[in-house]
Amino acid sequence: MPDTRTFLLEIGVEEIPASYLEPAVTSLAEEIEKVLKDAGVSHGEIKKMWTPRRLVVIIKDIALVNLKKTFEFQGPPARIAKDAKGKWMVQATKFAKSHGADASALYIKENEKGSYVFVKKEVGGKKTTDLLADSLPSIIFKIPFPRRMRWTRYKTVNFARPVRWLCALFGNDVLEFQFPGLTPSNKTYGHRFAHPEAITINHPDSYVQKLKDGFVLVDQNERKAQILAELSKAAKKLGGKLVENQELIDEVTNLVEYPEVLSCDLGGFMDLPREVLQTALAKHQRAFVAEKKGKLLPHFLVVTNAPTLEPELAKQWFERMAVSRLEDAEFFIKEDLRKGLKPLVEEESRVEWVKGIGTLAQKTGWLTELGVSLGAKIEGFNQDTYIRAAHLAKADLLTNLVREKEFTSLQGIAGAIYAERSGEPKEVCNAIGEQYTDLPSSNESAILAISDRLLNIAATFIVGKPAKGSRDPFALRRQAGAIMKIIMDRELPLSLCAALDRTLELIGKGEDKHQAIYEFFGDRLRLFLTDQDFAYDWVDAVLAVAGDEPYDSYSRLSAFRELDKSEEFRFVAVGQKRVANITRNTRELIRNTPSPDSSLFDQKEESNLWEKAERIRPNLESAIEKRDYKKALQLLLSLRSLIDKFFDEVFVMVEDEKIRNNRLYLLAKVRDEFLKLADFSKIVVEG
Amino acid sequence: MSKPLSFQEIILRLHDYWISKGCILMQPYSSEVGAGTFNPASFLKVLDDKPWRCVYVEPAKRPRDARYAENPLRVYQHWQMQVILKPAPEDAQELYLESLRVLGIPLERHDLRFTEDDWESPTLGAWGLGWQVDLDGIEITQFTYFQQMGAIDLPVIPVEYTYGLERIAMFLHGVDSIFDIVWGEVDGKSLTWGDVFYQNEKDFSAYSIEEADTDYLRRAFDHYEAECHRLVSKGLLMPAYDAVIKCSHYFNLLDARGAISVTERAATILRVRKLAMAVARLYVGGPGEAEDA
Numbered sequence: 001m002p003d004t005r006t007f008l009l010e011i012g013v014e015e016i017p018a019s020y021l022e023p024a025v026t027s028l029a030e031e032i033e034k035v036l037k038d039a040g041v042s043h044g045e046i047k048k049m050w051t052p053r054r055l056v057v058i059i060k061d062i063a064l065v066n067l068k069k070t071f072e073f074q075g076p077p078a079r080i081a082k083d084a085k086g087k088w089m090v091q092a093t094k095f096a097k098s099h100g101a102d103a104s105a106l107y108i109k110e111n112e113k114g115s116y117v118f119v120k121k122e123v124g125g126k127k128t129t130d131l132l133a134d135s136l137p138s139i140i141f142k143i144p145f146p147r148r149m150r151w152t153r154y155k156t157v158n159f160a161r162p163v164r165w166l167c168a169l170f171g172n173d174v175l176e177f178q179f180p181g182l183t184p185s186n187k188t189y190g191h192r193f194a195h196p197e198a199i200t201i202n203h204p205d206s207y208v209q210k211l212k213d214g215f216v217l218v219d220q221n222e223r224k225a226q227i228l229a230e231l232s233k234a235a236k237k238l239g240g241k242l243v244e245n246q247e248l249i250d251e252v253t254n255l256v257e258y259p260e261v262l263s264c265d266l267g268g269f270m271d272l273p274r275e276v277l278q279t280a281l282a283k284h285q286r287a288f289v290a291e292k293k294g295k296l297l298p299h300f301l302v303v304t305n306a307p308t309l310e311p312e313l314a315k316q317w318f319e320r321m322a323v324s325r326l327e328d329a330e331f332f333i334k335e336d337l338r339k340g341l342k343p344l345v346e347e348e349s350r351v352e353w354v355k356g357i358g359t360l361a362q363k364t365g366w367l368t369e370l371g372v373s374l375g376a377k378i379e380g381f382n383q384d385t386y387i388r389a390a391h392l393a394k395a396d397l398l399t400n401l402v403r404e405k406e407f408t409s410l411q412g413i414a415g416a417i418y419a420e421r422s423g424e425p426k427e428v429c430n431a432i433g434e435q436y437t438d439l440p441s442s443n444e445s446a447i448l449a450i451s452d453r454l455l456n457i458a459a460t461f462i463v464g465k466p467a468k469g470s471r472d473p474f475a476l477r478r479q480a481g482a483i484m485k486i487i488m489d490r491e492l493p494l495s496l497c498a499a500l501d502r503t504l505e506l507i508g509k510g511e512d513k514h515q516a517i518y519e520f521f522g523d524r525l526r527l528f529l530t531d532q533d534f535a536y537d538w539v540d541a542v543l544a545v546a547g548d549e550p551y552d553s554y555s556r557l558s559a560f561r562e563l564d565k566s567e568e569f570r571f572v573a574v575g576q577k578r579v580a581n582i583t584r585n586t587r588e589l590i591r592n593t594p595s596p597d598s599s600l601f602d603q604k605e606e607s608n609l610w611e612k613a614e615r616i617r618p619n620l621e622s623a624i625e626k627r628d629y630k631k632a633l634q635l636l637l638s639l640r641s642l643i644d645k646f647f648d649e650v651f652v653m654v655e656d657e658k659i660r661n662n663r664l665y666l667l668a669k670v671r672d673e674f675l676k677l678a679d680f681s682k683i684v685v686e687g
Numbered sequence: 001m002s003k004p005l006s007f008q009e010i011i012l013r014l015h016d017y018w019i020s021k022g023c024i025l026m027q028p029y030s031s032e033v034g035a036g037t038f039n040p041a042s043f044l045k046v047l048d049d050k051p052w053r054c055v056y057v058e059p060a061k062r063p064r065d066a067r068y069a070e071n072p073l074r075v076y077q078h079w080q081m082q083v084i085l086k087p088a089p090e091d092a093q094e095l096y097l098e099s100l101r102v103l104g105i106p107l108e109r110h111d112l113r114f115t116e117d118d119w120e121s122p123t124l125g126a127w128g129l130g131w132q133v134d135l136d137g138i139e140i141t142q143f144t145y146f147q148q149m150g151a152i153d154l155p156v157i158p159v160e161y162t163y164g165l166e167r168i169a170m171f172l173h174g175v176d177s178i179f180d181i182v183w184g185e186v187d188g189k190s191l192t193w194g195d196v197f198y199q200n201e202k203d204f205s206a207y208s209i210e211e212a213d214t215d216y217l218r219r220a221f222d223h224y225e226a227e228c229h230r231l232v233s234k235g236l237l238m239p240a241y242d243a244v245i246k247c248s249h250y251f252n253l254l255d256a257r258g259a260i261s262v263t264e265r266a267a268t269i270l271r272v273r274k275l276a277m278a279v280a281r282l283y284v285g286g287p288g289e290a291e292d293a
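From first to last, the protein sequence lines stand for chains H and P. Quick note on the numbering used here: the first sequence kicks off at 1 and runs consecutively. Quick note on the numbering used here: the second sequence kicks off at 1 and runs consecutively.
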């Protein structure tokens, strides 16, 4: 075991946005790891930690130096290296010097070219502290953030928020490195108010505990567990149970250093729709709620970051601010209900939807038409319900409530609430309320959710703002993914091409962008399927023959999954590859060719294969018709041994053209049977 | 506990504090603005690379927030305390927190947070990164490291603190309504915020929401827009900037009257932004270069 140390780097910052923290520390850790790896420095476990005020990486057991490697360098020929007395001459000593070696280290060795002077040089053994000191400054500035800022006059010094201290230790020693305006030290700081004094860290091992003493739980996992435990406890104390909100817990974990839970009272507002209440409290106060028997309790729970808080005082203010937000919400809802959704539908014609594409009223019209044509394919689709829901779907975007920044996330939900209060049928409200989710509970909701996204994606592409590389500001990929998910979850028999054709026809613009839109959806379908843990080669095999109906592709793949990795499957793939290869060049020739002439068969393997293929065809076709892909696959697998025997015993490429072509026809026809299910030749066979 | 500071005492304490930190005391600007940042002591003074520190109170006039004195938290005109420190000092956060202690707020006993809030003023072509400062859940200050102003990358990064004075006073006084804040005393008799500004709120609400002459406002907007371009071409910086402020205020009034459609809104903001950019360039480059704008 080489001598090792533990390394600690803490970047002390002014409060960094919650969503920035995890990606930033991950990048920091990865970059340091890469530097160590490239230099051949061994190390142990890497720990990533963060709070809003610190980005932390701890690496255990880092070797003090990197691995040594020896290189041999060739010098001048031996004949000019030594004088008569055997002493090194000037050319040899110069050579030694150029490699930083003493002449005494020189030696003569034979190689294939003759006899030469050589010297050995050891590379490596560089101190890890030097390596880190050299690389840390650029690593730190390379941390990716969604937005960066300057805080000094130096243009190159930028970060998410100002960096205020650096605590860097290598074992017991401070690891010094260059950083504009700051000197790394063994000092850190505790909680801003509960322990503002500097804390000296003597060794990385004591870092976490010392910060805990300074009212900072630096390990986010520990904070999160504590928040969840305290929230649950507080909810229980109120006589209910916590309404979990994972996203909010994650956010709050990244907003505090020393979490505690403060239980506050709501007073009234229990008539407000549950979603409105929850959203207002979550968005504005980042507060949680508790429920009992499905009803919210008139309380809210705030996660504070103040170990020396005076709870009674603070509680009052949290409550007052909550009241003021909820009064606003109440006011908006009252106004909206007074007006109703109907006049807002009319107002849609005065509101632009996407610049250069059309108004919101036009979108509503397209939404109706598109959904009706998609729904026609779906059993039990209630067209009247759909048309009513689509007609009202976008009106809530013009309500006071949804126009308010903190309630925009209630789009759809607000519409459903208002529609319900104005007496619309339940199914209509339900569809309005679920149009933005990816878990619609009815076919009408599903078609509305899909149609809305189809229009959004198409319009965004047409106005020239496609998803590109890492940039996808309109979340087009997520929207396409949601379309796929809904289709699969609800087993909808929708054709992608037909849906896009209709979408683009309705919008009636941007023909030059159409190709890109079809390709985008093709890519998204492929990605969706591989994300379902279908191997990419299977996905390719299926998409090659059945890529237009996403749910159909999915069903085929699901049937194949049951035969995952079986020998049988492997042999089918091998057989189909051979068939594909041998018929590839003659594909043109045999297109539209009649069946092979059985009178030309002169080996039993030919007739056996053909007879079996003929025999299974009706069953195969009916299985595929019924989408019983498992059965279809079993039927095809029954051909497998006959194909193998054919290849074992029959030579296809015989001189006699008639016989040769007849055999190719046979293979091509058999291959056509397989192609009804998938192009099995695309499956990668190992070994 | 001793008697909390009155509204006017809060202003005086903060003035004293920031003057002791090297700030010059400025005064509100003489034209209607929606935020203290519009005052040339902020907008123009941050554009160059010379040191600058100032403190002033600014009445922020926001027609869209007018509520006829009926909403306890929203008013047509509220008071901001604006502080600019250029360059931003290393202890920008601590200096700010100290100013709250000066007001008698024991920070240890409250939950004070720096909450992500990226500030942006589309009309001024300005943005910065920073936080809103929340005290037990009440937003009391906007804290921003300016990055751009008038679409110009700032050579020296300033910090701007915008205190919501009413919010702080409500917190100190323990009242639920802006109108109940104690402003000060006249002859030993307490006067509330409402005593002083009730009429102002009533009248300007009616004006902003019902009475403002939208045809005139549109014409005035167009006039000052043209005037701004003309004055920039003459190199008359300050009057040109006044025209920007006027356009911005007329836009706010038109917006409050509901006279601007969603589409028109974005386009109008862009028009004001262009003016702000032209003036900023004039300030930075002198009259000669501004013609390219």
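Honestly, I wouldn't trust all of these hints.
Said to hold, decoys possible - With a straight-line Cα cutoff of 20 angstroms, these simulated DMTMM-like cross-link-like pairs (lysine to aspartate or glutamate) come out:
1) H:Lys187 - P:Asp118
2) H:Lys187 - P:Glu94
3) H:Lys315 - P:Glu139
4) H:Lys283 - P:Glu139
5) H:Lys187 - P:Asp91
6) H:Lys334 - P:Glu120
7) H:Lys405 - P:Asp222
8) H:Lys465 - H:Asp523
9) H:Lys315 - P:Glu264
10) H:Lys283 - P:Asp49
11) H:Lys283 - P:Glu116
12) H:Lys355 - P:Glu264
13) P:Lys234 - P:Asp215
14) H:Lys155 - P:Asp49
15) H:Lys405 - P:Glu90
16) H:Lys405 - P:Asp65
17) H:Lys485 - H:Asp531
18) H:Lys48 - H:Glu379
19) H:Lys283 - P:Asp117
20) H:Lys626 - H:Glu327
21) H:Lys630 - H:Asp512
22) H:Lys334 - P:Glu70
23) H:Lys405 - P:Asp117
24) P:Lys274 - P:Glu90
25) H:Lys405 - P:Asp49
26) H:Lys155 - P:Asp153
27) H:Lys155 - P:Glu90
28) H:Lys669 - H:Asp679
29) H:Lys315 - P:Glu108
30) H:Lys631 - H:Glu568
31) H:Lys187 - H:Asp173
No wet-lab data here; the hints were simulated from the structure. Small disclaimer: the values here were computed from a predicted structure and weren't measured.
For each hint, the structure was consulted:
no.: 1; hint: H:Lys187 - P:Asp118; in the structure: violated (30 angstroms)
no.: 2; hint: H:Lys187 - P:Glu94; in the structure: holds (18 angstroms)
no.: 3; hint: H:Lys315 - P:Glu139; in the structure: holds (15 angstroms)
no.: 4; hint: H:Lys283 - P:Glu139; in the structure: holds (14 angstroms)
no.: 5; hint: H:Lys187 - P:Asp91; in the structure: holds (17 angstroms)
no.: 6; hint: H:Lys334 - P:Glu120; in the structure: violated (31 angstroms)
no.: 7; hint: H:Lys405 - P:Asp222; in the structure: violated (30 angstroms)
no.: 8; hint: H:Lys465 - H:Asp523; in the structure: holds (17 angstroms)
no.: 9; hint: H:Lys315 - P:Glu264; in the structure: violated (43 angstroms)
no.: 10; hint: H:Lys283 - P:Asp49; in the structure: violated (39 angstroms)
no.: 11; hint: H:Lys283 - P:Glu116; in the structure: holds (13 angstroms)
no.: 12; hint: H:Lys355 - P:Glu264; in the structure: holds (12 angstroms)
no.: 13; hint: P:Lys234 - P:Asp215; in the structure: violated (29 angstroms)
no.: 14; hint: H:Lys155 - P:Asp49; in the structure: holds (14 angstroms)
no.: 15; hint: H:Lys405 - P:Glu90; in the structure: violated (33 angstroms)
no.: 16; hint: H:Lys405 - P:Asp65; in the structure: holds (15 angstroms)
no.: 17; hint: H:Lys485 - H:Asp531; in the structure: holds (11 angstroms)
no.: 18; hint: H:Lys48 - H:Glu379; in the structure: violated (52 angstroms)
no.: 19; hint: H:Lys283 - P:Asp117; in the structure: holds (13 angstroms)
no.: 20; hint: H:Lys626 - H:Glu327; in the structure: violated (57 angstroms)
no.: 21; hint: H:Lys630 - H:Asp512; in the structure: violated (41 angstroms)
no.: 22; hint: H:Lys334 - P:Glu70; in the structure: holds (16 angstroms)
no.: 23; hint: H:Lys405 - P:Asp117; in the structure: holds (13 angstroms)
no.: 24; hint: P:Lys274 - P:Glu90; in the structure: violated (33 angstroms)
no.: 25; hint: H:Lys405 - P:Asp49; in the structure: violated (36 angstroms)
no.: 26; hint: H:Lys155 - P:Asp153; in the structure: holds (10 angstroms)
no.: 27; hint: H:Lys155 - P:Glu90; in the structure: holds (17 angstroms)
no.: 28; hint: H:Lys669 - H:Asp679; in the structure: holds (14 angstroms)
no.: 29; hint: H:Lys315 - P:Glu108; in the structure: holds (15 angstroms)
no.: 30; hint: H:Lys631 - H:Glu568; in the structure: holds (15 angstroms)
no.: 31; hint: H:Lys187 - H:Asp173; in the structure: holds (12 angstroms)
Figure legend: structure checked against the earlier numbered hints; hints not met, in rising order: 1, 6, 7, 9, 10, 13, 15, 18, 20, 21, 24 and 25.
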